[in-house]
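Protein chains: 2
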Amino acid sequence: MESQQLQSVAVIGLGSMGMGAAKSCIRAGLDTYGVDLSTDALKELEQAGAKGISHNCADFANVLDAVLLLVVNARQAKAVLFDNQLAAQLKPGTAVMVSATISAEDAKSIEAGLKEHQLLMLDAPVSGGAAKANVGEMTIMASGSQEAFAKLKPVLDATAGKVYNIGTEIGMGATVKIIHQLLAGVHIAAGAEAMALAARANIPLDLMYDVVTNAAGNSWMFENRMKHVVDGDYTPTSMVDIFVKDLNLVSDTAKVLKFPLPLASTALNMFTSASNAGFGQEDDSAVIKIFDGIELPKKEQ
Amino acid sequence: MESQQLQSVAVIGLGSMGMGAAKSCIRAGLDTYGVDLSTDALKELEQAGAKGISHNCADFANVLDAVLLLVVNARQAKAVLFDNQLAAQLKPGTAVMVSATISAEDAKSIEAGLKEHQLLMLDAPVSGGAAKANVGEMTIMASGSQEAFAKLKPVLDATAGKVYNIGTEIGMGATVKIIHQLLAGVHIAAGAEAMALAARANIPLDLMYDVVTNAAGNSWMFENRMKHVVDGDYTPTSMVDIFVKDLNLVSDTAKVLKFPLPLASTALNMFTSASNAGFGQEDDSAVIKIFDGIELPKKEQ
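If you're matching them up, the sequences are chains A and B in order.
Numbering follows my numbering, with no gaps: position 282 of the first sequence is 282.
Numbering follows my numbering, with no gaps: position 54 of the second sequence is 54.
The set of hints was computed from the structure by calculation and includes no laboratory data.
Among the hints, a few may not be true.
Straight-line distance between alpha carbons at most 30 Å, and here's what the computed DSSO-like set of lysine-lysine pairs gives [stated by the list, open to error]:
1) 227(A) to 258(B)
2) 162(A) to 299(B)
3) 91(B) to 115(B)
4) 258(A) to 298(B)
5) 298(B) to 298(A)
6) 289(B) to 245(A)
7) 298(A) to 255(B)
8) 245(B) to 115(B)
9) 258(A) to 289(B)
10) 255(A) to 115(B)
One-sided and incomplete, this derived list gives chain B residues near chain A with beta-carbon spacing under 10 Å [to be verified]:
11) 84
12) 161
13) 181
14) 200
15) 257
16) 267
Coverage of chain A stretches by chain B, computed from C-beta distances (three or more under 8 Å per stretch; other residues unrestricted) [as the list claims (entries may be wrong)]:
17) 15-28
18) 176-190
Each residue gets a CB set at the ideal place from its N, CA and C atoms; glycine is no exception.
Start from the sequences, fold in the hints, and give me the full structure.
Here you go:
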């Protein structure tokens with residue numbers, strides 16, 4: 001069965017990833033609608049050529065072929081779809097791409113709610129940061145029915161550099177993203193631990209950074225985040241509290257699967273300590289501030 | 001003071017790194033001597049153009065301007081220099097480059113022993129693997145006197161792609177290498193933990209590998225070592241027991257500096273468990289075998 005070509009999509013959640021994804025949809029020629037609580041974000045998307053903008057998706061729910069949910073967590077996703085009744089307002093057959101980082105359990109419970117309204121779902125977390133989202137090159141790890149993949153192909157083409165098809169079972173996309181976050185979180189915490197030890201040993205941190213980033217001890221996160229420590233600049237690109245959330249999702253996943261995670265549970269403790277010490281809203285590299293007895297570089301004025 | 005140009009060097013320890021370094025010295029036009037317990041290794045270096053080979057460095061100690069020690073640990077380095085009395089046989093002013101991964105304490109004690117014989121020392125651990133050593137592109141993180149750096153410049157030029165000058169204090173090179181190994185060890189253990197969780201969640205490991213290596217959760221070690229897990233091939237490139245040794249060096253360093261290392265201590269426990277379970281001589285990625293209740297890929301026959 002050839003599904004009708006998707007023409008219109010609403011992007012809900014115009015944060016750093018959602019704004020980039022929405023603009024990519026506009027560039028790809030899709031009728032693109034934007035929904036956010038922020039009036040500034042709505043105006044920005046309107047100027048970029050949005051077909052419609054609103055604080056409330058109900059204003060154009062009946063013309064949509066697809067919805068791309070780029071909200072922060074499962075609670076927000078469920079609030080939009082069910083508490084605010086968007087699921088009831090969409091036409092049957094509309095495809096909902098859920099791209100928040102959520103648990104497999106939450107993905108399955110959202111799927112059940114969408115099914116009651118004959119809506120398709122793609123469990124499709126994303127990675128790559130604002131820069132990749134802006135140029136339509138996000139990495140998407142997705143699971144769902146062939147029908148959902150087919151219907152959302154124009155949106156995937158517009159927003160992704162790479163789409164991984166994890167299978168048909170809703171929850172697999174969420175799980176792959178969570179395992180990815182396990183690595184990302186442990187790598188930031190390990191980078192902080194290593195740089196803290198270097199500071200304790202009176203190794204200049206810029207030199208330590210230079211050695212590691214040119215050797216086998218490097219990681220994507222070390223290279224990206226420990227630069228902030230070297231510069232003494234904890235302006236958040238992504239916050240400590242995001243990894244408290246994501247490593248708790250890792251922990252929840254381990255509990256459901258009955259599986260021990262010695263490193264991830266340790267990293268969760270480190271981020272949780274950093275948040276309780278008052279650094280939750282700082283850049284996630286501020287997890288290094290849990291270590292006492294060292295002097296870290298200060299930001300140049 | 002212009003020091004006399006170094007002409008001859010003995011490389012002691014012709015393992016994967018030492019053989020590459022020795023061949024690089026030959027290519028650079030240095031009179032190169034090779035010392036190893038393995039007759040095969042000596043023959044290989046002789047055919048590559050060595051000026052001399054022997055099981056015992058005493059055979060040519062009196063003609064050497066420099067020694068490059070690429071043995072496995074501090075015990076071996078001390079055995080060669082002091083138990084076997086090489087230090088007493090070298091000409092005063094000869095430069096000894098100690099490139100084993102050892103503690104700062106051991107580096108300092110070796111320095112003290114060499115000083116008694118008026119020998120120069122460079123505390124110069126290396127990184128990069130056999131491939132980089134073979135093409136004279138090792139990464140060297142070195143500390144020592146300006147005189148030692150100057151004297152060894154021809155050897156450094158011949159063997160290194162990058163030389164980091166960590167300072168004049170012996171022990172700083174060792175410490176930088178140990179902190180690097182903290183990251184390398186934690187990254188392998190974290191990769192194993194993530195892949196084990198993926199196996200538990202029935203995510204195909206080749207797909208998980210593909211996602212991570214194309215996203216922000218990647219590390220040099222994940223990309224290099226988790227391929228072995230995907231292939232089910234634990235033929236050692238570097239063994240589990242090497243990280244038991246190196247993470248114990250990390251732990252010793254933390255003890256001396258009185259510093260907590262939550263992730264490194266956890267990773268040490270994981271490698272130690274893997275070794276006790278019988279996997280010590282397998283590839284270090286075999287640390288994944290400490291996780292029960294999962295099925296891992298088998299090597300294709």
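- Item | Restraint check, 10 Å cut-off on beta carbons, for residue 267(B) near chain A | Because about 7 Å separates residue 267(B) from the closest Cβ in chain A, which is inside the 10 Å limit, the hint holds.
- Task: With a cut-off of 10 Å on the beta carbons, see whether residue 257(B) makes it to chain A.
- Result: Holds - the Cβ of residue 257(B) comes within 10 Å of chain A, reaching about 5 Å at its closest.
- Holds or violated: residue 227(A) with residue 258(B), Cα cutoff 30 Å? Status holds; Cα separation ~25 Å.
- Task: Take a quick look at whether residue 258(A) and residue 298(B) sit within 30 Å of each other, Cα to Cα.
- Result: holds (23 Å)
- Query: With 10 Å as the cut and Cβ atoms as the points, is residue 200(B) at the interface with chain A?
  - Reply: The hint holds - residue 200(B) has a Cβ within 10 Å of chain A, the shortest such distance being about 5 Å.
- Quickly compare the C-alpha distance for residue 289(B) and residue 245(A) to 30 Å and report which way the hint goes. With Cα atoms ~29 Å apart, residue 289(B) and residue 245(A) stay inside 30 Å; holds.
- Task: Decide if the proposed pair is consistent with the structure: residue 245(B) and residue 115(B), CA atoms, cutoff 30 Å inclusive.
- Result: The hint holds at about 28 Å.
- Message: Please check whether the segment 176-190 of chain A has three or more residues whose CB lies within less than 8 Å of a CB on chain B.
- Response: Three-residue rule met by the segment 176-190 of chain A, so holds; n is 11.
- With a Cβ-Cβ cutoff of 8 Å, does the segment 15-28 of chain A contain at least three residues near chain B? Contact hint for the segment 15-28 of chain A vs chain B: violated, 0 residues under 8 Å.
- Restraint check, 10 Å cut-off on beta carbons, for residue 84(B) near chain A: violated (32 Å)
- Query: Are the Cα positions of residue 258(A) and residue 289(B) separated by 30 Å at most?
  - Reply: The hint holds at about 17 Å.
- Item | Proposed proximity, residue 115(B) with residue 255(A) (alpha carbon, max 30 Å) | violated (58 Å)
Violated hints, listed in ascending order, are 5, 10, 11 and 17; each of the other numbered hints is respected by the structure.
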